[in-house]
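Novice: Sequence:
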Amino acid sequence: MDTRKIGLLPALLLCPAFAQAGVWINEIHYDNDGTDTGERIEVAGDAGTSLAGWSLHFYNGSDRRVYMTRSLSGTLGDTCGGYGFVSVAAAGMQNGAPDGVALVDASGAAVQFLSYEGQFKAANGPALNQTSVDIGVSEAASTPAGYSLQLKGSGNAYADFSWHAPASSSFGTCNAGQSFPPPDVAPTVTATTPADGSAAVPLDTQVTVSFSEPVSLQAGAIVLGCDTSGNVPVVVSGGPTVFTADPQSNLAGLEDCLVDVLANKVSDLDGAPTPMAANHSFVFTTASVPGNDYYQGVNQASASALRASLHAIIDDHQRFPYSATATDTWDVLEFADEDPLNPGRILDVYRNASYQKYGAGNTEYNREHTWPKSYGFTNDGSTNYPYTDTHMLFLSDSGYNSSRGNKPYANCLSGCTERTTLAHNGKGGGSGVFPGNSNWYSTTYWQTWGDRKGDVARALLYMDVRYEGGTHGVTGAAEPDLILTDDPGLIQASGSNLSVAYMGRLADLLQWHAEDPVDDKERLRNEAVYSYQGNRNPFIDHPEWAACVFQNQCN
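All letters in the sequence shown, in the order written, are residues -21 to -1, 1 to 534 by mature numbering (1 follows the signal peptide of the UniProt record, and there is no 0).
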């Protein structure tokens, strides 16, 4: 027994943040009633931490020198909520006033230097010239055998706990009153719109940022800068998980923009605020702007005048081959039908499924002729412009494309089979209720699901105006006259190219055009195709023109 005892300090003092966050001394026993027995030190830390090469160095507080060393080994297991313990026998531990112990890592550095019954500066060993940290509680000659000094509290590092007066020991297991809640992980950005690297982004786009957990944003947390528009003021709304930054002016055409989400202005809402670990940045490029004279010369005096003037504007586009080693329709469509959440994937038209971009030869998606090629332009060839027109071609799930076949578009009224959609980016999903978010088809017709029926309708309205017969003004290639109709008797498949061909049903397509208006996704697609073919779909740019051309409602 050491008679230098000064008794227990009753206060339960908080521990200074002296230990390495991942490994620390968690329990100590050095003195008890009668002959000292079971003297031990327990080390705690993150599960999976190797203690190979670690050691404990015991210091006498009088001469301030190391008097005993114990080696550590093994790997900390997962005993308590992702943390483990190693208990080391330390017979011969000196009894204080003061004495201490240093926890030394594999590199030989003292990561923790604790003492009991006072403090002192080490005169040698790994803790040389370090001043010990008094834990503030101690054992005495009256301490029952089997007791120890222990850390209690809740946290994930040494500084989160406090030392407590002697209690029944728990070497190798969780201390009573000590818990390890899941660590407060820093929030991260999980998704953005536009996605990083997006191109042909609409000039009036809004920026959305999604976080891994609810967060609070300080003013200036989302910063938008573009190479032409400069620093663009934004108004941020929403939260706490998804925020929208609305630029206060339209962006310029074909400019590169950078969005910075600043880490020091974003913090989570659970417990103590935890900021993001690092800034998150993403880039996008805006769409091109058609010249102010693109629709110059449009004559809206009558249906026939508008049709003729639009045909003259969108006619004679640049053709790309259906399949080739150079740029072909695969390249155009994988750009035009890119998943807005991930530029490395495409979003198909019927199933609303996101697929990794594979190009030709994949089995998951293929190219859908919304105006079936069997209705007027069966044979591909370098002079067959409608066959490869990417305003009309869409990427589609292969199975759904097969179900559609060459059925005309129309509302399915009886004998309907359902083809469900997947939920993606807030659209699609669900089944069993007509029409819901599903495609429906009979032996005669195909009804496209609600969020894309306007898209396919406008694609066919475009085809009706783009192809008026005659020849291509540059190449001289013959072109068919494609006509939308409500007469099913006129809609006939052919095994060869035709000079006149029909598709429908017009009334239902106009209904779909009204019920599913143009959205940003479709505007973006129009820009993408325009960047290749050099012509636009006028019914996306001016939806109101459909009523004039097809219903003679020309105001």
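Incorrect hints may have been included.
Calculated cross-link-like contacts (lysine-lysine; reagent style DSSO-like; alpha-carbon spacing at most 27 Å) [claimed, not checked]:
| # | residue 1 | residue 2 |
| --- | --- | --- |
| 1 | Lys244 | Lys336 |
| 2 | Lys131 | Lys336 |
| 3 | Lys386 | Lys500 |
| 4 | Lys406 | Lys386 |
| 5 | Lys131 | Lys244 |
Distance ranges between label pairs, derived from CB positions [to be verified]:
| # | residue 1 | residue 2 | range |
| --- | --- | --- | --- |
| 6 | Gly151 | Ala256 | 39 to 49 Å |
| 7 | Ala85 | Gly408 | 44 to 54 Å |
| 8 | Ala26 | Asp249 | 34 to 44 Å |
| 9 | Gly276 | Asn243 | 21 to 31 Å |
| 10 | Thr464 | Ser195 | 54 to 64 Å |
Treat the hints as calculated values from the structure; they're not laboratory data.
Note that beta-carbon positions come from the ideal geometry of N, C-alpha and C, so glycine has one too.
Novice: Does each hint fit the structure? Answer for all of them.
Specialist: Do the hints match the structure? See the list:
1. Using a Cα cut-off of 27 Å, the hinted pair Lys244 and Lys336 is violated, with the two alpha carbons roughly 36 Å apart.
2. Note on Lys131 and Lys336: the hinted pairing is violated, with a Cα-Cα distance of about 54 Å set against a maximum of 27 Å.
3. Between Lys386 and Lys500 the alpha-carbon distance is near 25 Å, which keeps this suggested pair within the 27 Å criterion.
4. A hinted pair counts as satisfied when its Cα atoms are at most 27 Å apart, and Lys406 with Lys386 qualifies at roughly 25 Å.
5. Straight-line distance between C-alpha atoms of Lys131 and Lys244 comes to about 33 Å, which puts the hinted pair past the 27 Å bound.
6. In this structure, Gly151 and Ala256 break the distance hint of 39 to 49 Å, their C-beta atoms being roughly 34 Å apart.
7. In this structure the supplied range 44 to 54 Å holds for Ala85 paired with Gly408, their Cβ-Cβ distance being about 53 Å.
8. A C-beta distance of roughly 22 Å is found between Ala26 and Asp249, which places it outside the suggested range of 34 to 44 Å.
9. Between Gly276 and Asn243 the CB atoms are about 54 Å apart, so this pair departs from the stated range of 21 to 31 Å.
10. Hint check: Thr464 to Ser195, Cβ distance near 58 Å, so the stated range 54 to 64 Å holds.
Hint violations for this structure: numbers 1, 2, 5, 6, 8 and 9, all remaining hints satisfied.
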